[in-house]
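Construct the complete structure from the given sequences, taking the supplied hints into account.
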Amino acid sequence: GSGAGKTSLLNALCGRAYYGEMTGSIMINGNKASVRNLKNLVGFVPQDDIVYAELTVRENFIFAGRFRLPPSWTEEEIKNLADDVIASLGLVRVRNSIVGNANLRGVTGGEKK
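Per our numbering, the sequence shown runs over residues 302 to 414.
The hints are simulated quantities; they were obtained by calculation from the structure and are not laboratory data. Check before you lean on any hint, since a few could be wrong.
[To be verified] DSS-like mimics (lysine-lysine), calculated; alpha carbons at most 25 Å apart, straight line:
hint, residue 1, residue 2
1, K333, K307
2, K413, K380
3, K340, K307
4, K413, K307
5, K340, K413
6, K333, K380
Here it is as structure tokens:
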């Protein structure tokens with residue numbers, strides 16, 4: 302629930318918590334690991350929305366892909382990956398919906414996250 306420390310935990314795991322003292326080990330599937338070594342497999346979306354309200358869900362993924370993926374990726378490869386991610390997140394139903402914000406009606410808060 303609210304105030305339980307979920308964001309603080311994720312910030313600590315990702316090395317984004319520049320407050321307090323952090324100790325311990327990160328274990329992934331029983332093996333000591335570092336989240337930094339998994340950057341190509343996982344992503345962390347901060348609570349502050351960093352998506353564009355005026356774009357559709359699919360357009361946001363494609364836009365992000367253009368900046369995060371290697372320059373060697375073609376536009377078709379980026380679009381295919383965006384579609385794969387949308388499907389794996391269960392967002393196919395809203396892929397062509399505007400994301401929206403407080404002033405522009407769009408997808409739900411859960412779908413946005």
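Structure-based check of each hint:
1. K333 / K307: Roughly 21 Å between the alpha carbons, so the hint for K333 and K307 holds.
2. K413 / K380: holds (19 Å)
3. K340 / K307: Cα-Cα ~20 Å, so holds.
4. K413 / K307: Holds, at about 18 Å.
5. K340 / K413: holds (21 Å)
6. K333 / K380: violated (34 Å)
Consistency with the previously given hints fails for number 6 only.
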